[in-house]
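Number of protein chains: 2
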Amino acid sequence: MDWLDQIRWDDDGLVPVIAQEYNTGKVLMFAWVNREALALTNETKQATYWSRSRNQLWRKGESSGHTQRVHDIRLDCDEDVVLIVVEQVGGIACHTGRHNCFYRTLADGQWQVDEPIIKNPEDIYKPIA
Amino acid sequence: MDWLDQIRWDDDGLVPVIAQEYNTGKVLMFAWVNREALALTNETKQATYWSRSRNQLWRKGESSGHTQRVHDIRLDCDEDVVLIVVEQVGGIACHTGRHNCFYRTLADGQWQVDEPIIKNPEDIYKPIA
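Each protein sequence line maps, in turn, to chains A and B. Per the numbering used here, the very first residue in the first sequence carries number 1; after that it's consecutive. Per the numbering used here, the very first residue in the second sequence carries number 1001; after that it's consecutive.
By construction, these hints were calculated from the structure, which means they are not laboratory data. Do not take every clue at face value.
[As the list claims (entries may be wrong)] Think about it this way: if two alpha-carbon atoms lie no more than 30 Å apart in a straight line, the pair counts; the simulated DSBU-like pairs of lysine-lysine are:
1) Lys1045/B <-> Lys1119/B
2) Lys1026/B <-> Lys1119/B
3) Lys1026/B <-> Lys1045/B
4) Lys126/A <-> Lys45/A
5) Lys119/A <-> Lys1045/B
6) Lys1126/B <-> Lys1045/B
7) Lys126/A <-> Lys26/A
8) Lys45/A <-> Lys119/A
9) Lys45/A <-> Lys26/A
10) Lys1126/B <-> Lys119/A
11) Lys1126/B <-> Lys45/A
12) Lys119/A <-> Lys26/A
13) Lys1026/B <-> Lys1126/B
14) Lys45/A <-> Lys1045/B
15) Lys1126/B <-> Lys26/A
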């Protein structure tokens, strides 16, 4: 059976994907993939997601340059969640300019930011002149 | 604002949650929480999820004994995914008796198991005599 057929895609043809950093083990981000995105992720070894807001393939880093080189693609016990282990180019996975998207921790009953902005998003996503 | 109100719950009142192991950084499992489950997770420092298949609160380890002691609760940039960092009691997070749920890796176009079964599930989930 094709490895893609073994995945239990949801009614929208998607499954969640967790991206974890290869060298640090940190969880970088959470996204979704459809069949095409996951096939491309494997073929190109560059993380490609499905953007549910834009309804299109989203090659991570296509506008920021912060691509993700894929080391490992893993599947969970229920065959409906994928984990990819990646090298994060530029060390920035989050659109806020931080290393990863989980930059808030719950402390004293409040969400508190404990990850610095590495690069200003305005400098990451420059409009084309 | 209440930290729980800051979360963007989906139409079913749920958000995805990723459980990561405190001492190894390994991703243990993926689940869902509703407001009550996440409040309990924080109050008791024991991971509590929402079971979508059983439609009820699911205190992790309630039948297996493999509870998860919570060290950190984190929120992503879009405020719709939670990451919890936990100590995995018994070193087994997966119902298959393995350390974690992501025990298959894609190699040579096939999903290949690379995590051993630590304890037979039949010995974990013993029927009450």
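Hints, verified against the model:
With a CA separation close to 25 Å, the supplied pair Lys1045/B and Lys1119/B stays within the 30 Å bound. Using a Cα cut-off of 30 Å, the hinted pair Lys1026/B and Lys1119/B holds, with the two alpha carbons roughly 19 Å apart. Using a Cα cut-off of 30 Å, the hinted pair Lys1026/B and Lys1045/B holds, with the two alpha carbons roughly 19 Å apart. At roughly 26 Å between alpha-carbon atoms, Lys126/A and Lys45/A fall within 30 Å of each other, so this suggested pair holds.
A threshold of 30 Å between alpha carbons decides the hint, and for Lys119/A with Lys1045/B the separation of about 34 Å lies outside it, so the pair is violated. Of the supplied pair hints, the one linking Lys1126/B and Lys1045/B holds, its CA atoms being roughly 26 Å apart against a limit of 30 Å. Taking the CA atoms of Lys126/A and Lys26/A, the gap is about 27 Å. The hint holds against a cut of 30 Å. Annotation: proposed proximity of Lys45/A to Lys119/A holds, straight-line Cα distance about 25 Å (limit 30 Å).
A threshold of 30 Å between alpha carbons decides the hint, and for Lys45/A with Lys26/A the separation of about 19 Å falls inside it, so the pair holds. Simply put, Lys1126/B and Lys119/A have alpha-carbon atoms about 53 Å apart, too far for the 30 Å limit, and the pair is violated. Restraint check for Lys1126/B and Lys45/A: not satisfied, since their Cα atoms lie roughly 43 Å apart, outside the 30 Å limit. Taking the CA atoms of Lys119/A and Lys26/A, the gap is near 19 Å; set against the 30 Å cutoff, the hint holds.
Of the supplied pair hints, the one linking Lys1026/B and Lys1126/B holds, its CA atoms being roughly 27 Å apart against a limit of 30 Å. For the proposed pair Lys45/A and Lys1045/B, the alpha carbon gap of about 38 Å is over 30 Å, so the pair is violated. For a cut-off of 30 Å, the pair hint linking Lys1126/B to Lys26/A is broken: about 35 Å separates their Cα positions.
Of the numbered hints given earlier, the model fails hints 5, 10, 11, 14, 15; all others are met.
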